[in-house]
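With chain A held as given, fit chain B onto it using these hints.
Residue numbers (the numbering used here), protein chains in the order written: chain A, 62 to 175; chain B, 36 to 147.
None of these hints come from the bench; they were simulated from the model. One should not assume that every hint holds.
What the hints assert, rightly or not - List time: in silico EDC-like cross-link candidates among lysine to aspartate or glutamate, alpha-carbon distance up to 16 Å:
1. A:139 - A:129
2. B:71 - A:124
3. A:118 - A:132
4. B:86 - B:106
5. A:103 - B:76
6. A:103 - B:73
7. A:144 - A:124
8. B:86 - A:163
9. B:144 - B:118
What the hints assert, rightly or not - With the C-beta cut set under 8 Å, the calculated list includes, among others, these residues of chain A facing chain B:
10. 104
11. 106
12. 109
13. 114
14. 116
15. 152
16. 163
17. 167
Positions of the beta carbon are idealized from the N, C-alpha and C atoms, including for glycine.
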Amino acid sequence: EPEVTQTPSHQVTQMGQEVILRCVPISNHLYFYWYRQILGQKVEFLVSFYNNEISEKSEIFDDQFSVERPDGSNFTLKIRSTKLEDSAMYFCASSTQGGVTEAFFGQGTRLTVV
Amino acid sequence: GQQLNQSPQSMFIQEGEDVSMNCTSSSIFNTWLWYKQDPGEGPVLLIALYKAGELTSNGRLTAQFGITRKDSFLNISASIPSDVGIYFCAGRGASGTYKYIFGTGTRLKVLA
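Pulled out of the complex, with its shape left as it was, chain A reads as follows:
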């Protein structure tokens, strides 16, 4: 069964460093998302991406964050200068259409900023 895959599963980084989280969405999907979940809290929307551009973003997704689809399969989230409060699980998701269809989630990348 097709699935969203994310790498790495766990990333530890020093405060102020840049990190890139990688995702391979399901191959025929056209809409891609990043969500994050701080430990013990709910899943929060960060950004949606369609047709090589951001279609929507939350207030969390500030100038420190960027997304890219560098080739036909990968979808990345970059955090330029990590802060302690960026520590969280980051989930990539994809769907065939926009919000009218279900979104499938990857297993997540646990980011720990020290």
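The following block gives chain B in isolation, referenced to the frame of chain A:
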């Protein structure tokens, strides 16, 4: 902004019991999804609902899209130990938005 409140926050039940949880909002939603999340894992889609009043089943799970479009319900019948986890509702609001907003979660524990 839009918020989804889930209740109960947590529940302890005996194996074999039925479970009900709900998700409510002050805003109208056009789509409801229900996910289950195990510790350290990503949310796994259980059921998707697209029309007000829709009732959909997936095995022992049944979910309904509320008539007012401001709520949704998930029922689990004859619970088993592997039902343990956190259940999240997620809703998509009015047209023009692609994002799903997640509820606060219901933590379910099943006692054998």
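Where does the structure disagree with the numbered hints, that is, which hint numbers, in rising order? 2, 3, 13
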